Amino acid sequence: MAFLELEHLEKSFGATRVVKDFQLSVEKGEFVSFLGPSGCGKTTVLRMVAGFETPTSGGIRIDGQEVTGLRPNQRNIGMVFQAYALFPNLTVAQNVGFGLRIKGQSRSDIDRRVTEMLTLIGLPDLGDRYPFQLSGGQQQRVALARALAPRPRVLLLDEPLSALDAKIRVSLRDEIRSIQRELGITTIFVTHDQEEALSISDRIVVMHQGVADQVGTPFEIYNRPTTRFVAQFVGTLNLLDATVLNAATGQVSVGGTQVALNRALPGDGTSLSLALRPEVVSLGRHEGRNLILSGRIAEVHFLGSVIRVKVDVAGNMVSLDTFNRPDLPPPAVGSAAEISVSERDLLVLAE
Amino acid sequence: MMGRRFWSGLAVFGSFLYFFLPLLGMFMFSLRMKRGELSFEAYRVVLTDPQFQTTFLYSMILALITIVFGTLISVPTAYWVRLKLPKLRPVIEFITLLPLVIPPIVIVFGYIRLYNTSSVLPLTGSWLGTNLLVLFGYTVLSLPYMYRAVDTGLRAIDVATLTEAAQSLGAGWVTILAQVILPNVLVSVLSGAFLTFAIVIGEYVFAALLNLNTFGPYMFWMGGNRAYEPSALAVIAFAITWACMGLIQLVSRFSKFSQVKR
Amino acid sequence: MPAVSTTPSGARRRASALLTWAGVLPFLVFAVLFLILPTLNIVIGAFRSPDGHATFDNIIALFSPSILAAFWVSIKLSLITALLGCLAGFLLAAAVVLGGLPGWLRGTVLTFSGVASNFAGVPLAFAFISTLGRVGLVTVLARDWLGVNIYAIGFNLLTFAGLALTYLYFQIPLMVLIITPALDGLKREWREAASILGATGPQYWRMVALPVLWPSLLGTAALLFANSFGAVATAMALTGSNLTLVPIKLFAQIRGDVLNDPHLGYALAFGMIVLTGAANLIYIVLRMRAERWLK
Ligand SMILES: Nc1ncnc2c1ncn2[C@@H]1O[C@H](COP(=O)(O)OP(=O)(O)O)[C@@H](O)[C@H]1O
Ligand SMILES: [Mg+2]
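Residue numbers (the working numbering), protein chains in the order written: chain A, 1 to 351; chain B, 1001 to 1262; chain C, 2001 to 2295.
What the hints contain is simulated information worked out from the structure, not anything from laboratory work.
Where hints are given, some of them may not hold.
List time: in silico SDA-like cross-link candidates among lysine to any residue, alpha-carbon distance up to 25 Å [stated by the list, open to error]:
# : chain 1 : residue 1 : chain 2 : residue 2
1 : B       : Lys1084   : C       : Arg2206
2 : A       : Lys20     : A       : Gly267
3 : A       : Lys103    : C       : Arg2206
Anything over 12 Å on all C-beta distances counts as not near chain C; from chain B, calculated [stated by the list, open to error]:
#  : residue
4  : Ser1008
5  : Gly1036
6  : Arg1044
7  : Thr1048
8  : Leu1057
9  : Val1068
10 : Gly1125
11 : Leu1128
12 : Arg1155
13 : Ile1157
14 : Ala1171
15 : Pro1183
16 : Asn1184
17 : Ala1208
18 : Gly1246
Keep in mind that this is a model prediction, so the values were computed, not measured.
No residue lacks a Cβ here, since even glycine has one placed at the ideal position from N, Cα and C.
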């Protein structure tokens, strides 16, 4: 049995169902991200785990213990909020020691643990400061230390990096991950930033309108999205309209070109979408990419080392990247072009 | 969760009783002038009393002049301090808060001592002087509300940029104040104005000690000499206060509306 | 830069500085003439004998039994109504802001508080007389319906308790008006963070919410104290000369009704300033200590 289990979680606010039949098992020590656009219900799931919202139905189990009916202060969970939420009237050390003080630990135990945590987050000398004297990144570290100090069973982070500037966001994200590995704490990390989720998670839950669309490792989510939403939300995606010619042999037609997909497809004559990532498309012919489609250059964006080109293939816009070459000017808009892909890289998406 | 709502509801209900009963009491009492029936007789008597009419008019005029004078002193000062003398802000703010700390009766007492007939500036000696004195006194009383309202209003607009823009178009100080700054803080000025009106209209201590026959002393005199009319007066005074606060709400709601549109 | 060129620019700067100051001159002159000088005049007068010599006689005269008694009653009244006003106003504001009650209540309570905090003086006294006076609404209803004669069991509106009850009518709303924004400033995340760290509701209030609110609470208490200490009209209209409060005594002094010793009047007024000033000073000092964590 998994360490943290969410079973058939449902949450409605009035008539709107915000979370629908949410299922998830998290192993001990695992780092799981909830990824999805704003308003898809990530925070609501997290708040149900924390105990701030009561599920309309379904259950939450931590380490075999049913916690659905417990109040937040009985769950032994750590949480980090987007806006830091440090107590402004307490020093950094007092903030970090808050949970231990509530538990009634002795002064010396608290001091020892606070020092340990402040060292862990790399701010050993700032214990006497007040929150307003810290930068955003420092405040969020302290919030992390505060959440971890009482040795919670589960750590929840709700978009902890969204309020920080880009540079600190990346460094703190790596730091969170390394602290999490060091402590081996089971963690749920909420974000709407796909790069963030892809870079630090063991597994990602992509959420869409209150439903967990797909659960998988970053590699699976990116390379084998199972729904159109996941494919579109994670990374850039090109879609090609296709018509099934022969379901049994996997023959489809893309803008008049016949393509053999070599996999089972829905019935003859149905139309479907084929998806492909920019990096699996080459401009011109390319070794190992046997499927050639012709079109016209629609847009060229010179980004420096990379040139992003959009090619119009029978009404479908296909985005692809080429590396800049000083000896070769980028293709001209409006000129005819061929692109090549391997049919293995074409994804068939369920609607 | 249920417990919290229950106790909150109880607190609100208790407060409602405490605040509503005196209002009901004064209203019911004001209807009992005619024996054995409820009537608006007390209101008729009060409203047709020439004393009421003159004192009320007097207080109203005083309130309006106070508002104008208060605006004239608050808006330019608050503007100037924000624009040129930000260092002075704490000092000015402190001064504007003093009337909340120094009891009004002490301030009048000071006026009477300082501006009596045997002083350098014998304001209390003449009709005009006394009226000026009470006007200044009321302006002082309204300062905490008026000045702070204006200052808060100014915080919302970019004083420096507006000023430079107006200056680049050739506007002088008076034009800038009257046509650029004032319209932008009008809502704040109006809020301060209604509050000032509510304070001045029934004010008693200044008027009584400076021997002016305004509405406050009239109400006080009625209280000592009549039975039912005072309640009618209290109802009227309450209605005026309520109207002033309602207008403040209305004005600030209107301003929110116009800000959203912008 | 050569010294020659700095002189004229320095002069110009000084001139423009003067001009800058001229902008606040009207306000400063007004404030000095009609707020500061009158107050100073009282303060200085308190230390002068009628013939103009420096003396402590007036201050010493304050310690006569009758004046001390008046101060004691005034202080008691102001303290009690400030504390009760703070407490009741806090509960009401907390109920409206945090109590999970319907949203329209908040606006209604705030508007009404604006009205009631300004509904002081003579009309307020009438309102209470017609409600809790000998023939007031509640008195009569209690007698006729409940068979309780509140005057027979010791209540009297024209006493200290009655006056305190009346003062609360403007004290509580003032507290509501001031404390509501402070309560709004309590972030929901603080409560949640405390709770997820194991704190109960009372622990959260003791360790986070009240310390955060502390400066506002103190400030309002000081303001309510001054507010009640300086109130004259309500008390006079309600109790006449039944209850000798300091401001009523001072009023009589100024009218020349009683002792007709202006310098005792000065001393009385001085005493009032000292007390309301002290209340605010205590507030400022405590606030500075409480606000180490604030910028
Ligand atoms: N307390 C609430 N009452 C009503 N609707 C809510 C409440 N909390 C969240 N919602 C709604 O639920 C949906 C999901 O919200 P949330 O979980 O915060 O999304 P996310 O964190 O993914 O951005 C949103 O449409 C939001 O408006
Ligand atoms: Mg969210």
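Results of checking the hints against the structure:
1. Lys1084(B) x Arg2206(C): 44 Å, violated
2. Lys20(A) x Gly267(A): The hint is violated at about 31 Å.
3. Lys103(A) x Arg2206(C): 15 Å, holds
4. Ser1008: Ser1008(B) not clear of chain C: closest Cβ-Cβ about 2 Å, inside 12 Å.
5. Gly1036: 15 Å, holds
6. Arg1044: 18 Å, holds
7. Thr1048: 20 Å, holds
8. Leu1057: 18 Å, holds
9. Val1068: 14 Å, holds
10. Gly1125: 17 Å, holds
11. Leu1128: 16 Å, holds
12. Arg1155: 15 Å, holds
13. Ile1157: Given a closest Cβ separation of 18 Å, the condition holds.
14. Ala1171: Nearest chain C Cβ is 16 Å from Ala1171(B), so the label holds.
15. Pro1183: About 20 Å separates Pro1183(B) from the closest Cβ of chain C, which puts it past 12 Å; holds.
16. Asn1184: 18 Å, holds
17. Ala1208: Check fails; 8 Å does not lie beyond 12 Å.
18. Gly1246: 7 Å, violated
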